[in-house]
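Chemist: Chain by chain, the residues:
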Amino acid sequence: MRRINLVFLAFCLAFVAILSRLFYWQILASEKLAIEAQKQYGQKNIIVSLRGEIKASDNATLVTNQTVYLVYVNPKKIKITPSQLANQLAPVLLEDTIIDQESTESSTPNFDKKEIIEREIERINKSLSKTNMEWIALKHKVGKISLEKIKSLGIEGVDFEEEEKRFYPESSMAAHLLGFVGSDANGEDKGYFGLEGFYDYELKGRSGFTIAEKDTRGAPIILGGTDKIEPINGRNMILYLDRAVQFIVGKKLREAVIRYGAKEGSVAIMDPNTGGIIALSNYPSYAGENWQSFDSKLYKNPFIADTFEPGSIFKTFVMAAALNENAVKPETVCDKCSSPRIVNDFTIKTWNNKYYPETSMTGVLEHSDNVGMVFVGEKLGGEKLISYLQNFGFGQPTGIDLEEETNVPLRPKNEWKPIDLATVTFGQGIAVTGIQTLTAVAAIANGGKLFKPHVVARIQNDNGSIIEIKPKLTRQVIKPTTSRVLTEMMVNAVDKGEARFAKPKGYRIAGKTGTAQIPIAGHYDPTKTIASFIGFAPADDPKFVMLTILREPTSSPWGSETAAPLFFDIAKELFTYYKIAPEP
Amino acid sequence: MKRFKQDKENNKIKTQRIAQVVVLMAAIVLVISQIVISNSFSTSGETVIKLERETKILEEENKQLRAQISQKGSLCYIEEQALARGFVEVNNIISLSSAIPVAFKP
Chain A
1 MRRINLVFLA
11 FCLAFVAILS
21 RLFYWQILAS
31 EKLAIEAQKQ
41 YGQKNIIVSL
51 RGEIKASDNA
61 TLVTNQTVYL
71 VYVNPKKIKI
81 TPSQLANQLA
91 PVLLEDTIID
101 QESTESSTPN
111 FDKKEIIERE
121 IERINKSLSK
131 TNMEWIALKH
141 KVGKISLEKI
151 KSLGIEGVDF
161 EEEEKRFYPE
171 SSMAAHLLGF
181 VGSDANGEDK
191 GYFGLEGFYD
201 YELKGRSGFT
211 IAEKDTRGAP
221 IILGGTDKIE
231 PINGRNMILY
241 LDRAVQFIVG
251 KKLREAVIRY
261 GAKEGSVAIM
271 DPNTGGIIAL
281 SNYPSYAGEN
291 WQSFDSKLYK
301 NPFIADTFEP
311 GSIFKTFVMA
321 AALNENAVKP
331 ETVCDKCSSP
341 RIVNDFTIKT
351 WNNKYYPETS
361 MTGVLEHSDN
371 VGMVFVGEKL
381 GGEKLISYLQ
391 NFGFGQPTGI
401 DLEEETNVPL
411 RPKNEWKPID
421 LATVTFGQGI
431 AVTGIQTLTA
441 VAAIANGGKL
451 FKPHVVARIQ
461 NDNGSIIEIK
471 PKLTRQVIKP
481 TTSRVLTEMM
491 VNAVDKGEAR
501 FAKPKGYRIA
511 GKTGTAQIPI
521 AGHYDPTKTI
531 ASFIGFAPAD
541 DPKFVMLTIL
551 REPTSSPWGS
561 ETAAPLFFDI
571 AKELFTYYKI
581 APEP
Chain B
585 MKRFKQDKEN
595 NKIKTQRIAQ
605 VVVLMAAIVL
615 VISQIVISNS
625 FSTSGETVIK
635 LERETKILEE
645 ENKQLRAQIS
655 QKGSLCYIEE
665 QALARGFVEV
675 NNIISLSSAI
685 PVAFKP
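Quick note, the sequences are listed as chains A and B, same order. No gaps in the numbering here: position 85 of the first sequence is 85 in our numbering, and each next residue is one more. Plus 584 on top of the position in the second sequence (first one is 1) and you've got our numbering.
None of these hints come from the bench; they were simulated from the model. Beta carbons are placed, not taken as given, at the ideal position from N, Cα and C, and that holds for glycine. Check before you lean on any hint, since a few could be wrong.
[Unchecked claim] With a Cα cut of at most 30 Å, we get these calculated DSS-like pairs of lysine-lysine:
1) A:Lys214 <-> B:Lys598
2) A:Lys39 <-> B:Lys634
3) B:Lys647 <-> A:Lys190
[Said to hold, decoys possible] Which bits of chain B does chain A cover? Going by a derived footprint, with three or more residues having C-beta under 8 Å, they are:
4) 607-616
5) 628-638
Bound conformation, chain A alone (with noise of 0.2 Å):
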């Protein structure tokens, strides 16, 4: 009896111990087994969002995406010395580097293609060095031509997988405006700058991915389960941007900073009727492509990432302001233009030393008279002047849809002195942005109507639906007569002015030079300057506004003969464009 109670008991034990190690596979390591499980029979594959695709106006691909590879090692499975494997693979891994490397003149001078190589030799083995790994990354981005080169070299533990690289088909064209895609901290794709930057989130998309199980081959179970999200892939944006203009734009521009031995320049125009970017060049520039293998202080776009003095450029709007409030008629007579101005113990003289007694305010812009524009201040009263200088968008940010926006604050009300009102009016003692100044001219050339400047025209969504970016009216600055009005003095500027010989005949168009200086710890430069010219044409139906700024000029330091001329060149080439004939 004792024996057969004693097999009982085991018989209890063994029940016991079977039924526990059953709750802890059923209950407590259910979940995990079953991740285990689902890893030997089921596949997960990732299915990559592409990233959207940006257009031109005329639906044409500015950039676009293409397939390259991540060539990675097994350490485990190569059999021959890492130091070997280096020697083979770091030439053919850097050939698309030295390609853009000999074809690029603005990237690097002193180029060495020996010593990349002994760096790339010396970055690879220093990868290998992880021992215990079992996958090392040895190079991103690889185009097709370097994988088919590493496939016949036949190394063994050297395998790829696909991934994707941008690609543009304009080259280098309006790179500031595009942006560039990089990789953020975790290597995932990230763009940076530009409409890359400003729009990265509706770009990128979101990945999605399959589940399904698999054959000891690694096929798939057809009657077996499959799981799967599927990817949403990134918005493609279509822009204002009309690739004609904006190729015109950068070829002129070029042409330009090289003819008057500029230090770099910038161009844009736009749409006065909806604020929408047309072109937008800045040179020197850099390819998106290959945006590592140029200077970084090239990378932020300086037209709006930069501020400058604008000069007399900066003299329409305050004349526009004088207008609007009635202080000033064109015909208005300056009884104080004699002679240089006096104010807060600062003199203010004429650019050129020259004073024109009892000139009209047309011809204050004529001559791009200084002590003029102190007079118009005067009459218009500091309030209203700063007042103006807000609505029309100085010294707050336009809010164009790119990242690297920045701006420079308006001083508060109550620390305007005496001579910053006074030297305001003729745009010193003032920073802003090309940006703000086009779009406050276009609020000139448009009736009095400031626009949100924006470069997106339409946005469309993954099903192929398209979302439409409409203008957005900011506020009314002038009155549309005030803007007529001052349209005809701009086109007087023009006709008589000093850039009257580069004009295109038989077109009207308004406009004004700029010529700043530059301030430099508490003075300013006397030999470097900025160069400017603000218009806009046809002046009494406007199909575009344009700014050119050429900085530190060496031909010579005057807007009248860098800036204009070269808006005159653009404007020529948009004449012609455009369809728009001279008058007889």
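Could you slot chain B onto chain A? The hints should help.
Modeler: Below, chain B alone, put in the same frame as chain A:
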């Protein structure tokens, strides 16, 4: 009356037997079908993989062709080709405007 009841009972048993046979036959047919279908599908995984690979290759080719079309249609490429073929920029454009109305003439 008794005979009528017995006939009714017999018919009921007969119907039940027929139903049992039908169900059994159906079960056998379904089991066989499952075996046949499973067998035929079990080798289709390879075909699916092949088709998936083909789809991927075609998608990749499409992507490359789209990129090529974009590049060949790009303005810098067109300019390069035009210059290589001897085209030059036209600088002497003449605009033909309609004549000024007589009333405008001095």
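Chemist: Going through the earlier hints one by one, which of them does the structure break, listed in rising order?
Modeler: 1 and 4
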